[in-house]
Amino acid sequence: IRGNGTKEETFLQLTDITSEFIKKAPKNRYGEKILSADVNSNQDVSDLQFNNLEIGKQYEITGLVRIQSTSGAGQLLAYSGASQAGTFYGSVAINSNSDTPTSDIGTNPSLKFTAQSTTLYLNYNTNSNEILRGNGTKEETFLQLEERRDLELTTNFD
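First residue of the sequence shown? That's -18 in the working numbering, and the numbers climb one at a time after it.
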């Protein structure tokens, strides 16, 4: 950086360089899936399937998962293959020990993973008659899948 030696000119030149870098930096892209109807059995949930992932890239799942529970548990499992095959990325589990006969329970997942296949499968699993709630709106279950360009796994925290 060249300048006349004043703080003001050097600062302006650095600001211009930073602004240009920010304009050219790739944006994180995301997709969204909304569950159209309730799911009440163990199965891959096609409404929540994401395609065209890039193998080796990092992604994050966020959104809202709502389960209608009577007293059991339900979980949404993320895999690289259909029917709980391939790499397991993680899960969103909701447990209820409620005395209320029927209660809706919601949670906001945050699950980071590195894609091992081009498709992300979400499998609903319940141990009784818990219902994964969906009505085609964001009031019930919906997920966002964000491509992350700003993450790097480290051992610095060991």
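Derived by calculation from the structure, the hints in this document are not laboratory data. Only a predicted model underlies this, so the values are computations on that prediction, with no experimental measurement involved. Built from N, CA and C at the ideal position, the CB exists for glycine as well. One or more hints might be untrue.
Said to hold, decoys possible - Each pair of labels, with its calculated beta carbon distance range:
#1 Gln97 to Pro7: 32 to 42 angstroms
#2 Ala18 to Gln65: 30 to 40 angstroms
#3 Thr43 to Ala66: 33 to 43 angstroms
#4 Asp139 to Asn116: 37 to 47 angstroms
#5 Ala66 to Asn108: 33 to 43 angstroms
#6 Thr135 to Asn21: 40 to 50 angstroms
#7 Ala54 to Gly117: 19 to 29 angstroms
#8 Gly117 to Leu92: 41 to 51 angstroms
To see whether the hints hold, each was checked on the structure:
no., hint, in the structure
1, Gln97 to Pro7: 32 to 42 angstroms, "violated (22 angstroms)"
2, Ala18 to Gln65: 30 to 40 angstroms, "violated (22 angstroms)"
3, Thr43 to Ala66: 33 to 43 angstroms, "violated (24 angstroms)"
4, Asp139 to Asn116: 37 to 47 angstroms, "holds (44 angstroms)"
5, Ala66 to Asn108: 33 to 43 angstroms, "violated (21 angstroms)"
6, Thr135 to Asn21: 40 to 50 angstroms, "holds (41 angstroms)"
7, Ala54 to Gly117: 19 to 29 angstroms, "holds (25 angstroms)"
8, Gly117 to Leu92: 41 to 51 angstroms, "violated (23 angstroms)"
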